[in-house]
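Following this note's numbering, the residues of the sequence shown are numbered contiguously, the last one being 286.
The set of hints was computed from the structure by calculation and includes no laboratory data. Here the structure is a predicted model, which means the values were calculated and not measured. Among the clues, some could well be false.
Cross-link-like lysine to aspartate or glutamate pairs, in silico, EDC-like; alpha carbons within 16 Å at most [to be verified]:
#, residue 1, residue 2
1, K62, E5
2, K206, D166
3, K99, E111
4, K206, D184
5, K204, D277
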Amino acid sequence: MTIGELLKQYRISKLRTQKEWANGVVSPSYYAKVEKNQHRITAEDLVEILRKNNVSIIDFFKEYNYQDQKHHDIKTKIDNIIIEAYYHGDARELKKIQKIFVEGDDPNRDEQILMIKVFIALLDNNPNELTEADKTALKEKIFNAADFDQTKLELYCNCMYFYDLDSNLILAKKMVEKFKDNPDKNIQEAVLGIICNLLSFCIKDKRESETSLFIEAADQITTKPQLFFYKNVVLVYKSLIEYHKTHEAKDLAVCKMAIDYFSLLGMPEFSNSMRDDLLKDELVER
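Whole structure, please, built from the sequences with the hints as guidance.
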C-alpha cells in the first residue's frame, strides 16, 4: 500500500471529500493526484494533513507498509517526523515513535532509536539519559561526515558537551572542513555554532593553540544579519585568545566591547553571563 492509498483509506473512513481532507495544505487537484500515486507528497505536508484531520501520525505509519516504497524514501519521511517532533518540543511523541522502533524490526532500528534518545535527552536537558555506549554509538554511527546534513550539524552542536575536548576537536574539524564554504545561511549558522562551542571549550581547558583552524574558518564566513550573534561570540573568544598571546590592552578592549554589544542589542542577561563566566575562570582580569 502506498502513502496515497492509505491517505484515501483514512479519508473515506472519516467521510471527507478530497477538498476537505487536503484542508488548504495542498490544492485539491494536487491531493487527488497524490491519492492516485501520480504526485508525491512531502513529509511536512503529510504531517500537516494528518494533524488537521486528527489522525495519529504514529498510527498512520504503523499501518503503512514499508515494503511498498523505496527504503530511502521511507527513512527520510520517518527522520523528518522525528525531527519535527523534536523542534516542536514534543518528547511524548518521540517516546511513542521510540516504542514503535523498539518493538519493530526496521533495518535502521538501532540508529533511529539512538537519534530519538538523543533528542529526548536534549529536550529534557539531561545528558545522563545517554549511556557511555550511547555516546560512543552516536559518535560512530550518526556523526559520520560522509552523510552529514544541516540537521546533524545542529544536533552535533547541541551534543558537543556530551564529549571530551579531544573527541570534539576531531569531529568539529571534519564538519568545519566539509561545510565552511557552503553558501547556505542555515549551514553557516550551524558551523559557527560549533566553532563558538569549541573555542569556549579550548579556552577553558587552556588549549587555545588548537583554535587557529576554527577561527580562520569563522573569519571566512561573511557576516550577515542572521549570523551576527555567532560572529560576535567568535569575536569575543578570538580577541580573548589574542589577548592571552599578546597581553595587549587593545585585544582585551575588543573582547569587552564585543560582550557589551549583546547588552546594547537587548540581551543584557547573556552579556552579563558571558562576562561573569570569563571573570569566574580568571580569563579576564576584573
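Hint check:
no., hint, result
1, K62 to E5, "14 Å, holds"
2, K206 to D166, "13 Å, holds"
3, K99 to E111, "14 Å, holds"
4, K206 to D184, "33 Å, violated"
5, K204 to D277, "10 Å, holds"
Taken one by one, the earlier hints fail for this structure only at number 4.
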